[in-house]
Amino acid sequence: MVRPRSAILVAVLLAAGGSAAFAASLAMNGQSMGMAAIGTPRCTAAGLGVIQNLSAATVISVTVSSLPSGCGNATLQVTVNNLLTSSSGSATVPSGGGSVTVTLATAVAITAAEQIDLVLTGP
Amino acid sequence: MSPIRQIVAVALALALGLGVQAGLAASLNLASQALTPYRTCVLTATPATMTSIIDSSVRQGSATSNFGTQTTNNIASGSGANRRLYIRFDLTQCSPSIPSSATVRLATMRIYVTVLPAACRTVDIFQVTASWTEAGITWNNQPFGTAINNPPSASASDTFAIGTPAGCQNLTSNAYIVGAIVTSDVAAFVAGTATNNGWMLRDDVEGSATVYTQTYSAKNLGTVGQAPQLVITYVTVP
Chain Z
465 MVRPRSAILV
475 AVLLAAGGSA
485 AFAASLAMNG
495 QSMGMAAIGT
505 PRCTAAGLGV
515 IQNLSAATVI
525 SVTVSSLPSG
535 CGNATLQVTV
545 NNLLTSSSGS
555 ATVPSGGGSV
565 TVTLATAVAI
575 TAAEQIDLVL
585 TGP
Chain F
6 MSPIRQIVAV
16 ALALALGLGV
26 QAGLAASLNL
36 ASQALTPYRT
46 CVLTATPATM
56 TSIIDSSVRQ
66 GSATSNFGTQ
76 TTNNIASGSG
86 ANRRLYIRFD
96 LTQCSPSIPS
106 SATVRLATMR
116 IYVTVLPAAC
126 RTVDIFQVTA
136 SWTEAGITWN
146 NQPFGTAINN
156 PPSASASDTF
166 AIGTPAGCQN
176 LTSNAYIVGA
186 IVTSDVAAFV
196 AGTATNNGWM
206 LRDDVEGSAT
216 VYTQTYSAKN
226 LGTVGQAPQL
236 VITYVTVP
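Respectively, the protein sequence lines represent chains Z and F.
Going from the first sequence to this note's numbering is simple: count from 1 and add 464.
Going from the second sequence to this note's numbering is simple: count from 1 and add 5.
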C-alpha cells in the first residue's frame, strides 16, 4: 500500500516535472511567441525585388526576386491593391530560392501607387 | 477513490495538462516563425499630368531652357553637351502611408532606356538636397550647380553601368534598367531624417571628348509600360 507521504511526494514531483517542462517550453518559445507581435523570426529579412508584370495598363503578375534558399518551398502569397480593386495569387518558392512569378487572379489597373503585400508562409 | 489515488490523479492531470500547453506553445511558435510579411509600394509616373512625380532633364547646351514637358529624358557626357536627369517621387502617394518607423528593405528606381550609349558608361545617382520644379529647372538653376563632375562620384547613392558593349550591366534597349538602388535614401525620407527632393543622375565622367547620350522614357510620354517607377519594399515589424 502506498503511504500518504509517498503519494504526496510523487504527486508533487510529477507536477513539478510538468511545470518545469512547461516553463522550459515557455522560456524557449515565449520569445518567439512574443516576437510574433514585435519581431517574428522569418525565412528572410533581406530586401526582396518586386516587379509588376504588365499587360497593357494592368498588372497581371508579380515577380519577386532575391529570395534566399532559406525560403525555399515556402508559399508566397501576393496581393496587389490599387485602392480601387485588389487581387491575389500564390506560388511556391523554388527549393533553392531565387525568383518566383505569381499570377494574379484578376488584373489590377496601374495607378499612381499600388500596394503589394507579400507573405511568405513556411518553409 | 482513496485520497492517495486522488492526489496522484490530480498530479498526473496537472502534468499532462501542462504538457499539452507546452505542446501548444511549441505549435504556436512554429506558426509564428513561418510568416514573413513584406509590403511594397510601387509609385508609377502616370498619367503624364500628375504632379506628385516629376522628372526633367537639364542640358548644358541649352542652359536656360526647361525640358520638363519632354517625352524623353537624357543623360549625356560631352564637351559642352552634358545632360542630367532629375526625378522625384512623392512618397506620400503610397497608401497606406509608409510609417516613419518602417524598415525599408529595398528601394529601386526603375527607368526605361530607349537609346544606349555606344560605350559602357557609369551613371551616378545623387540625392538632391534642394527643391526644384519640373517646369522651372534648367542647367543654370539646377540644385547641384553648373560645374561638371559635381557633386563628386564618391558621394553618389548608387551607380549603374549602361551601354551596348558586351558585359555591360545594362546593354538592352527598350527595357527598364537594373541596379539603381536607393534604399538608404528612401529610408532617410521615410524616417524623416532627410528631405525628399528626389535624385539627380549624371554620367560618372562628364565632359568626355566623344558625346555619349542615353535616352529614357519620361513621365510625359504617358506610356504606362515605360513610366518611371520607384519600388519600395518595407516591413513594419523589424
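Treat the hints as calculated values from the structure; they're not laboratory data.
Ideal Cβ placement from N, Cα and C applies to all residues, glycine included.
It cannot be assumed that every hint is accurate.
[As the list claims (entries may be wrong)] So, partial list: chain Z residues that the calculated Cβ filter (under 7 Å) puts toward chain F:
| no. | residue |
| --- | --- |
| 1 | Ile524 |
| 2 | Val564 |
| 3 | Gln579 |
| 4 | Ile580 |
| 5 | Leu584 |
These are the hints, each one checked on the structure:
| no. | hint | verdict |
| --- | --- | --- |
| 1 | Ile524 | violated, 12 Å |
| 2 | Val564 | violated, 13 Å |
| 3 | Gln579 | holds, 6 Å |
| 4 | Ile580 | holds, 4 Å |
| 5 | Leu584 | holds, 4 Å |
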